[in-house]
Structures are given as C-alpha cells and as structure tokens.
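Given these sequences and hints, build the entire structure.
Note that the protein sequences, when read in sequence, are chains E and F. Quick note: the first sequence, position 394, residue 516 per the working numbering, numbers continuous. Quick note: the second sequence, position 185, residue 307 per the working numbering, numbers continuous.
No lab work stands behind these hints: they were computed from the structure. Heads up, none of these hints are tricks.
If you only want the chain E side, here are some residues facing chain F, beta carbon under 8 Å, derived:
#1 Ile194
#2 Asp200
#3 Asp201
#4 Pro203
#5 Leu443
#6 His496
DSBU-like cross-link-like pairs, simulated, lysine-lysine; straight-line CA separation at most 35 Å:
#7 E:Lys163 / E:Lys531
#8 E:Lys531 / F:Lys125
#9 F:Lys283 / F:Lys302
#10 E:Lys347 / E:Lys283
#11 F:Lys531 / E:Lys531
#12 F:Lys302 / F:Lys319
#13 F:Lys347 / F:Lys302
#14 E:Lys302 / E:Lys360
#15 F:Lys531 / E:Lys125
All C-beta atoms, glycine included, are put in the ideal place defined by N, C-alpha and C.
Protein chains: 2
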Amino acid sequence: MAKLLKARVVITSPNNPPLSGGAVLVEGERIEALGAFEELKQRFPEAEIVDFGESILFPGFVNLHTHASMTIFRGLADDLPLMTWLENYIFPVEQHLRREWVYWGAKLAIAEMLRSGITTFVDMYLFEPEVIRAVEETGVRAALGEGLFDFPSPGYGPLEKGLALTRELLESYATHPRLKIIVCPHATYTCSPETLKKAAALAEEFNTLLHIHLSETRDEVALIKARYGETPPFHLEKLGLLNERLLVAHAVQLTDEEIELFARRGVRVAHCPESNLKLGSGVAPVVALLEAGVLVGLGTDGPASNNDLDLFGEMRTAAFLQKGLSFDPTRLPAEKVFEMATTFGARALGFEELGFIAPGARADLAVVSLAAPHLTPFYDPFSLLVYSARGGDVTDVMVGGEFVLRGGKILTFDEEEARRQVIEIAREVRALTKKG
Amino acid sequence: MAKLLKARVVITSPNNPPLSGGAVLVEGERIEALGAFEELKQRFPEAEIVDFGESILFPGFVNLHTHASMTIFRGLADDLPLMTWLENYIFPVEQHLRREWVYWGAKLAIAEMLRSGITTFVDMYLFEPEVIRAVEETGVRAALGEGLFDFPSPGYGPLEKGLALTRELLESYATHPRLKIIVCPHATYTCSPETLKKAAALAEEFNTLLHIHLSETRDEVALIKARYGETPPFHLEKLGLLNERLLVAHAVQLTDEEIELFARRGVRVAHCPESNLKLGSGVAPVVALLEAGVLVGLGTDGPASNNDLDLFGEMRTAAFLQKGLSFDPTRLPAEKVFEMATTFGARALGFEELGFIAPGARADLAVVSLAAPHLTPFYDPFSLLVYSARGGDVTDVMVGGEFVLRGGKILTFDEEEARRQVIEIAREVRALTKKG
Numbered sequence: 123m124a125k126l127l128k129a130r131v132v133i134t135s136p137n138n139p140p141l142s143g144g145a146v147l148v149e150g151e152r153i154e155a156l157g158a159f160e161e162l163k164q165r166f167p168e169a170e171i172v173d174f175g176e177s178i179l180f181p182g183f184v185n186l187h188t189h190a191s192m193t194i195f196r197g198l199a200d201d202l203p204l205m206t207w208l209e210n211y212i213f214p215v216e217q218h219l220r221r222e223w224v225y226w227g228a229k230l231a232i233a234e235m236l237r238s239g240i241t242t243f244v245d246m247y248l249f250e251p252e253v254i255r256a257v258e259e260t261g262v263r264a265a266l267g268e269g270l271f272d273f274p275s276p277g278y279g280p281l282e283k284g285l286a287l288t289r290e291l292l293e294s295y296a297t298h299p300r301l302k303i304i305v306c307p308h309a310t311y312t313c314s315p316e317t318l319k320k321a322a323a324l325a326e327e328f329n330t331l332l333h334i335h336l337s338e339t340r341d342e343v344a345l346i347k348a349r350y351g352e353t354p355p356f357h358l359e360k361l362g363l364l365n366e367r368l369l370v371a372h373a374v375q376l377t378d379e380e381i382e383l384f385a386r387r388g389v390r391v392a393h394c395p396e397s398n399l400k401l402g403s404g405v406a407p408v409v410a411l412l413e414a415g416v417l418v419g420l421g422t423d424g425p426a427s428n429n430d431l432d433l434f435g436e437m438r439t440a441a442f443l444q445k446g447l448s449f450d451p452t453r454l455p456a457e458k459v460f461e462m463a464t465t466f467g468a469r470a471l472g473f474e475e476l477g478f479i480a481p482g483a484r485a486d487l488a489v490v491s492l493a494a495p496h497l498t499p500f501y502d503p504f505s506l507l508v509y510s511a512r513g514g515d516v517t518d519v520m521v522g523g524e525f526v527l528r529g530g531k532i533l534t535f536d537e538e539e540a541r542r543q544v545i546e547i548a549r550e551v552r553a554l555t556k557k558g
Numbered sequence: 123m124a125k126l127l128k129a130r131v132v133i134t135s136p137n138n139p140p141l142s143g144g145a146v147l148v149e150g151e152r153i154e155a156l157g158a159f160e161e162l163k164q165r166f167p168e169a170e171i172v173d174f175g176e177s178i179l180f181p182g183f184v185n186l187h188t189h190a191s192m193t194i195f196r197g198l199a200d201d202l203p204l205m206t207w208l209e210n211y212i213f214p215v216e217q218h219l220r221r222e223w224v225y226w227g228a229k230l231a232i233a234e235m236l237r238s239g240i241t242t243f244v245d246m247y248l249f250e251p252e253v254i255r256a257v258e259e260t261g262v263r264a265a266l267g268e269g270l271f272d273f274p275s276p277g278y279g280p281l282e283k284g285l286a287l288t289r290e291l292l293e294s295y296a297t298h299p300r301l302k303i304i305v306c307p308h309a310t311y312t313c314s315p316e317t318l319k320k321a322a323a324l325a326e327e328f329n330t331l332l333h334i335h336l337s338e339t340r341d342e343v344a345l346i347k348a349r350y351g352e353t354p355p356f357h358l359e360k361l362g363l364l365n366e367r368l369l370v371a372h373a374v375q376l377t378d379e380e381i382e383l384f385a386r387r388g389v390r391v392a393h394c395p396e397s398n399l400k401l402g403s404g405v406a407p408v409v410a411l412l413e414a415g416v417l418v419g420l421g422t423d424g425p426a427s428n429n430d431l432d433l434f435g436e437m438r439t440a441a442f443l444q445k446g447l448s449f450d451p452t453r454l455p456a457e458k459v460f461e462m463a464t465t466f467g468a469r470a471l472g473f474e475e476l477g478f479i480a481p482g483a484r485a486d487l488a489v490v491s492l493a494a495p496h497l498t499p500f501y502d503p504f505s506l507l508v509y510s511a512r513g514g515d516v517t518d519v520m521v522g523g524e525f526v527l528r529g530g531k532i533l534t535f536d537e538e539e540a541r542r543q544v545i546e547i548a549r550e551v552r553a554l555t556k557k558g
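Now the structure itself:
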C-alpha cells in the first residue's frame, strides 16, 4: 500500500528550499509524489498516512567508506601510532578472524548506522559474503567488495582466490535490488601493479567501481615514491587506473597538481575527516577538491579508527575543520556538507536515483525528531541536522520503500542479539591480543 | 538516606584504574565510600541500593566556558563571518533581550547539559540573575557572573551598575552550596584598562575568579596590539591581571612566550575547540599549554557558536585535532582529555572537592548506559566515553548528592516547558532579525 509520510519539514535536496508542512508519497520502492500534505492527501486518499510529528524528513545518508565489521575492535586500542595499532592489535587478531565475527560485527554496525540515518554504506573488508548476508537480512543498501592484497588473506587465502571470489559475487548479485558489488584492491602499498591491473580489469568487465585507500598518510606517499618513483595518484595514473570508475578513500596528502588530475579524470573521493584526525594522518583538502569539481562524499571509515559510525558527526567535523584551519567561517557551509553526505555520496556510487527526494527517486529516507533540548529551537533544518543533531537522533528509516527503523525500533533484526554476540566476540578478541 | 550506587565500571579519576563491579556510597552531598559493591553492601546495610546495570559511572563534567542562554539563538545564523553574525544577528537581537528569554534559554541549556553529563558550568552573559534562578531551580552547579563591558548593557545599563550588580551577587550568594559568583569582564577589546582593573579589584576583594575572553582570534590580537602596543596577554600582564585568579576562555592565538607566561602566572584556560573551529578562529595550542603546566579545562562556548552543549563531543574534537594536526595519534590521549573535562575543570574553578570520585568529594556524578550499538563492545571505559559516547547517552546525573536526572528523566523541572518557551522566544527572535 502507498504510504503518505508527513513531517514538519522535508529536505528534498540541499539545492531546493526545505518544504514546510511537506509530505512524501511512497509507492513500492520509489517516491511517487512530493508536496504539501493536504494536497497529497487529496490526490492519494487511499494512502496510509504516517505522521512523524515535530521532525525533519530527509534523504538517507551515504557512508562512502567503512569497514563495518570492525565494530568488534571498537576501542580495543587507541592513541597509538598507526603501525603499533595495526601490528600489535589489528593484524594479529585478524589472523584469527572468523566468518561469524564479520557477520555479527556488520549487523551491529548496521544497527548503529540506521540509527544515524545511513541508508547506504560502502564496505571493504574480509569475508564480505558475511557482510552481504547481514545486508540482505537487515534491509539496508550497500556497495561492497572483498579487500584484495598480495599477501595471503584470512578471508580467501591467495590473491587469485580473492579475485575469483570477487568475480563470483559480481555474477551472483548483478541484479540485487540493494546490493552493488565493487572491486576493492586495498591500497597501492599492499597491491602490486599487476594486482591493481587485474582488479581494474574486473571492475571494467562488470562495469562497477574500483575502491582503494589512497594518499592517506605522508608515510604512504613516501613509500610509494620510493618504490615506484611516483606519488600514489601518479602511480595509478601510469597504470591507467584514474577514471570515473575509481572511488578513492582518504585523499589527505594531495598536491594541487593531483587535485587537478583527479578532477580531469573524474576520480571520486570518500572524505573521512575523523579517522584522518584520530590516526594522525592530517586533513584532506576538501574545499580545493570540491572547487576543482571533484565529487567528494563522506565516510566514517571503520569504527576502530573513528570510533563511531555517525555521519552527523562526520558532516560537522568536515565543516568545522575547513572553517577553523582556513580562518574562514563561511567555508563548507551546512548545505554543502549535507550534499556531500547525501547526493554526492550517491552519485559517487553511480546511484543516480538516490541521495535526494523527488518523484521517481528511490525511497531511502530518514527522520530526526526535534523533540529534544539540543534540537531546540528550530531556525534552519540544515543547521540543525549538520551542527546540532547526532547519531541516535534518528527515529525512522526507510530503505527502498520499506521501514527498517520505526519509532526508534529496528524492525528487520534483533539488535540486542547483535550486541550480545559482539560482546562475546570481544572477549575472544581481548584474549588474542593479550597472548600477542 | 545513604545511597549505594552500583555500575559495571566506576571511573574514579583518570589517574586511577577504573573500578570494575565498583560502587559508590553517597551520604548527604558527599561521597562517603568507594569500593567493591559486595564489600560496601556489607559495610552499609542500611543504604538504598541504586543499580545502574550495564553502565559507566563517572565524575560529572565541568563545562568551563559557556553562555548557556544563547540556546535561544542556536542555528539562527551560521557559516557567516564573525562580524556579520554579531552585527546583523546577535547584537541587534540582544538589544531587545528580555529577562525571561535568559531564564528559559538557561533552563533549556541545563536540560541539554545534564543529558550530556555536565554537572557544573561556567556562565557569562546578560541578566545573570535569571541564570541564577534557573540554576537554583534545576539543581545544577555553576560559577557565573554578569558580562561587563564599557558600552551600555541591555542587562544593567551603564558599567557602574554592572559592577554594583556583581558586588551584590557576590554578597548574596557567598555561601550558596551550588553557586559561585565570578567577575566577568567580557574582553580586552570591550573593556578599558580601568574597567579591567575595577573588575580585578572586585574579584580580589571577594577572593573569586576573573573570567575573560582572551586571544580568541587573530583580529583581536591585532586590534589590542594597535590599541595598547601589546598582545592581549601582555596587556593584562602590564595591568597586573595575570595570576591564579584569572580564567581565560579560548587562548587560541598564543605565542610560546605567552604560554610560558601563563604557566608562570598560574593562569587557567578554558579550551573551546568546536567554537574556535566553527567561527574560524583556529586551534589553541593545548598540548603546549598542558606541557608548560597550565591548567586547561574544556568548554563548549555558547550554543549559538557550537551548536550544542556536549562535552563528550568537545573531548573528542580536542583529542582528534591535536592528533591530526601534529600527525601524531598518541597526542592528547583519552584519559588526558577526560581529565581536562573533569578534574582540571574543577581545579580551574578552585573546586578542590570536585571532578573525581573519592571519599570526601562532593557527589557530582553521571552515568552512561552501555546498552546501545555505538557503545558496544566494551574494552576500555575512557575510550568509550571519549571516542564513542555522545550527549544524550547519559541516563542519570547526581549533583551534590541529589538526583537531577534519573533513568533518562529530569526530576527537578519540566524540560518540555522549557522547550515550548524557547520555541516561542525563537519566533520573536526571528521577527527581530527580519526587521534588522
């Protein structure tokens, strides 16, 4: 049955004025109509009315880069140099990583993401078929792929098996309504030029995205320069990999020339400001990228280096950083970071029918209730969502026309079970790190 | 009746290991005992047991700098140059500021602060007697004073009346259990040397703090240099105002020499990282200040330039900034920013019995429930509170031995009424800015 969703204000896209007293008609997986509530009520008398009360209805967020299952490592070790963290904690435990850990970690992550208004996430990790299982069961939307690298993987073993797994997933899920398989070579320092080329060929064959960590730290840039005589972007350029198919995570350490190159080649960027700060990587030149015409969305990165999956916080940090470091409070205004978290993120994934509210678009929607002291008073919906709202303020989420969160309750799976399972997994993880 | 508070973990202070399965005995306004739950239960069989379940119990936060009532301007105008914001929005409306606006704005702010675990806040604004009324009614703790400046104030009229009001408040509330009156000259660019000296004399006479905005922006430093031939810190030094009585808000634009001077004179600093970013002021040299031995606490600044009153977020931003900008993830670890938000903040106010949990300390406590996806799993309580928790996660707050928030409900006042009143006030504020 068609649903007529009513809110105090509907944000349709950052480029249109918010609709006060607006409503959205959802039929099947799509938005059928948009307008004043009373008018739509007359046009669609049969529709079930869902009134969200004193609230803002907005397009669901796109988390453009994460490793969702790493919820199991959230807070395991912080405030450490990157290599100590990876080599003494993450890598030793990942050697013992189990399929079920990835599954339960992803489910817990999805609970957290839904509660922060994320309807689509991009995932790269190990045992991705387990993340796929979590996505299918929970009703969220995702673009994901198995992390590929030259050394043997706890997930698939030797690289050839990883490429075979990726091909198999690309074939199996070619027509899935909520899943897009992407090809995920981990980074230029973990993948040889041959590996990168094989991954790119696969992405081209299946007309999908190539997703890679790039230019995250100064050390990485120095290493790639020493190894290949070029910075990471120019290394990829030489390999013919810089194009509209490439989605780059981080892009912190970029020269002006590299920004221009990204713009010319149509490379897309997932900006992860909080992870970049927490790991001591630096601050990506977001405004320069946007001004050059590069499509930049927002990602949380994994919850072990953030330590949450909250795109409200990411919008806020992205905007605040650009203002504070440039001494210019007009930089990266609320509407622009909101656009990065919605429309830009969707477009970076090639999802042209996502990231805004309009007739014909897919019904991926989220609702923030304003009935809270920190969301009072109401002057401007973008300001409230970007500068005052936070994960957990979202009461309702719809993905492809189906409610997955309704009135603060997740409908599609048992969130408490996911919590209990991850608490058990954490006991084993802690035991492994103590041994190490 | 004595209360025995039980939590999964009790954080007593950042310098002691957290107490697993710990409990706190509260008698009157103080903590009487601390230890293992079973042991305290035997020692105090008469005490009422309050079990917070799967939770962290910790010392309440000290918000070391805010203008609480500015909740009424939250989101009114953002992403603007500071002077446009002040001159086109804040100042014109403040000309029409009414006593009740300050009262209701403060009450709404207190609701938000309690829900973010803040038990003490420092306030400087107009019509402070209204903030005092809100503090008395709501049961929170505060150090506050009327904002003083040379031009006529909408609050008190000419400066002499502001000084007289301050003296009157100092006399009236000298023995209040939860209120400390401080003297608040607004800034060096709004107060003449004579005004500053009068304010300082008053603070000395009543043995209280002098609180001032200082070295917030590069423009301010340039202006004071042009006007007095010295930077703001050296201007105050010349006036004899740099001492242990001085609590400085912001301290963003400091030279190494000024940091040393602050350390030598025992000046205290309220670090407000989010406001400093949002207004394009920059990033304060927090690590350098701490290393020099300066007492630095955390403040949210007013909710119109933040746009929230959440010290969890402030801890996180403070830590992330120092790591990201120094390329060093070990900087300002979770325990240290937690200390800034609790013990250091309390000590900066001269509250030696606050900011930690120990027998004899005042019972200002907060509880975060861990039963949420973003707070799962549990490896380290400091990491969870600093990097994953957020305002709104606090379920219970006690100030001076009395519950003010219990099981997610504010006990001492009608939070919804405060929201309704501020929504009405916002209508008038909006009308005033439209006229302007």
